[in-house]
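J.: Next come the chains, spelled out residue by residue.
Number of protein chains: 2
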Amino acid sequence: MSQDSKPYKLAVKAVIADEEGRCLLIRRSARSRYFPGQWEWPGGKVDPGEDFADALVREVHEETGLSVAITGLVGAVHSEMPTAHVILLCLSAEIVGGEIRMSEEHEEYAWVPWADFPQWELAEQNSTLMLDWARARSEES
Amino acid sequence: MSQDSKPYKLAVKAVIADEEGRCLLIRRSARSRYFPGQWEWPGGKVDPGEDFADALVREVHEETGLSVAITGLVGAVHSEMPTAHVILLCLSAEIVGGEIRMSEEHEEYAWVPWADFPQWELAEQNSTLMLDWARARSEES
Chain C
1 MSQDSKPYKL
11 AVKAVIADEE
21 GRCLLIRRSA
31 RSRYFPGQWE
41 WPGGKVDPGE
51 DFADALVREV
61 HEETGLSVAI
71 TGLVGAVHSE
81 MPTAHVILLC
91 LSAEIVGGEI
101 RMSEEHEEYA
111 WVPWADFPQW
121 ELAEQNSTLM
131 LDWARARSEE
141 S
Chain B
1 MSQDSKPYKL
11 AVKAVIADEE
21 GRCLLIRRSA
31 RSRYFPGQWE
41 WPGGKVDPGE
51 DFADALVREV
61 HEETGLSVAI
71 TGLVGAVHSE
81 MPTAHVILLC
91 LSAEIVGGEI
101 RMSEEHEEYA
111 WVPWADFPQW
121 ELAEQNSTLM
131 LDWARARSEE
141 S
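Chains as they are written, first to last, in the numbering used here: chain C, 1 to 141; chain B, 1 to 141.
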C-alpha cells in the first residue's frame, strides 16, 4: 500500500434491520454511473465540513424518506474509484420516523432476510462486508 | 444495539510501518484521564467541520512531529466512552516528512515488530484490532 495522488474521501452507509431479521436494501438506478442496478445499504458521501453522523441521517432521509439514529458499528471498507479512494463506514441504525419513498437515484427497496443476502446482486463496493455481516446475523437467529 | 442519548463521534488512528516490518506505537501519558500508560497508534478526534483525512494528518503531526499520507484502510472499532460513542477509523499511512518528537500527551515512542504486539500493553479501546492486524502482518512476512 503506497501513496498515490487520489484523495481519500469518507462515505457512510446505514444498516437498518427490522424486528423480523430483515434488512433494508435499495436498488441503484439502471442509469447510475457506478454499480447500476445493484442493491445496497442506503448512504452516501460525507459533504465537506459535515459531521459523519449528520451525513448518515441526511443521506438515509434523502434516499429512503426515513429518519434514523445510529446504534452501532458494522465495519469499514476501502473502495478505489476512478478519482478517489473511498472509505465506506457502515453503521447500524434504527428507524425513528418517516415513511419509505425512493429518490431518483434508486428504483426500488426491499426488506431482505439476512439468510437471503447471497441470492441478491449486492453492490460490488462492499458486497464482502454485506455478506459477512448478513451471515453472522443469520447464524445468531 | 439500541439507540441511547450519547452522540457518535469519529476519531482516526494512523498505522505507520517502516520497511523492516515494525510499527510506530506511542505511549499515553501516565496522567491521561483514559488508558494511562497504554501504547497506541497515533491519532485523535476529528474536529467539528474537519475532514477525516485532514484530522489524521493533523493529529499525527501534533503527537509525533511526523508528516504522513494515508495509504489504505486498516479497520474500524466502536469504543463506548462515558459521554460518547467513538468510532475509531484506523488507516495505514506512510511518512512523507518530519522527525519524531513527542507532545505532552505521550511519554515515549517505539518501533515495534508486528510479531511482538502481544507483549505490549496496548490501548484497550482497540487492542483487538491492533493484535489482529499485527498477527496478519506478521504472518505475511
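Think of the hints as simulated: they come from the structure by calculation, not from any bench. Treat each hint with caution, since some may be false.
For identical chains, the list gives no copy identity; a pair is met inside one copy or between any two copies.
With a Cα cut of at most 20 Å, we get these calculated DMTMM-like pairs of lysine to aspartate or glutamate [said to hold, decoys possible]:
no. : residue 1 : residue 2
1   : Lys9      : Glu80
2   : Lys6      : Glu105
3   : Lys9      : Asp47
4   : Lys6      : Asp18
5   : Lys45     : Glu99
6   : Lys6      : Glu19
7   : Lys6      : Asp116
8   : Lys45     : Asp116
9   : Lys6      : Glu62
10  : Lys6      : Asp54
11  : Lys9      : Asp51
12  : Lys45     : Glu104
13  : Lys9      : Asp54
14  : Lys9      : Glu94
15  : Lys6      : Glu99
J.: Compare the structure with each hint and give your call.
T.: Outcome of the hint check:
no., hint, result
1, Lys9 with Glu80, "within (10 Å within a copy, 25 Å between copies)"
2, Lys6 with Glu105, "neither (25 Å within a copy, 32 Å between copies)"
3, Lys9 with Asp47, "both (9 Å within a copy, 16 Å between copies)"
4, Lys6 with Asp18, "neither (38 Å within a copy, 22 Å between copies)"
5, Lys45 with Glu99, "neither (23 Å within a copy, 34 Å between copies)"
6, Lys6 with Glu19, "neither (41 Å within a copy, 23 Å between copies)"
7, Lys6 with Asp116, "neither (36 Å within a copy, 33 Å between copies)"
8, Lys45 with Asp116, "neither (27 Å within a copy, 38 Å between copies)"
9, Lys6 with Glu62, "neither (28 Å within a copy, 24 Å between copies)"
10, Lys6 with Asp54, "between (25 Å within a copy, 14 Å between copies)"
11, Lys9 with Asp51, "both (13 Å within a copy, 8 Å between copies)"
12, Lys45 with Glu104, "within (17 Å within a copy, 35 Å between copies)"
13, Lys9 with Asp54, "both (16 Å within a copy, 11 Å between copies)"
14, Lys9 with Glu94, "between (25 Å within a copy, 17 Å between copies)"
15, Lys6 with Glu99, "neither (38 Å within a copy, 25 Å between copies)"
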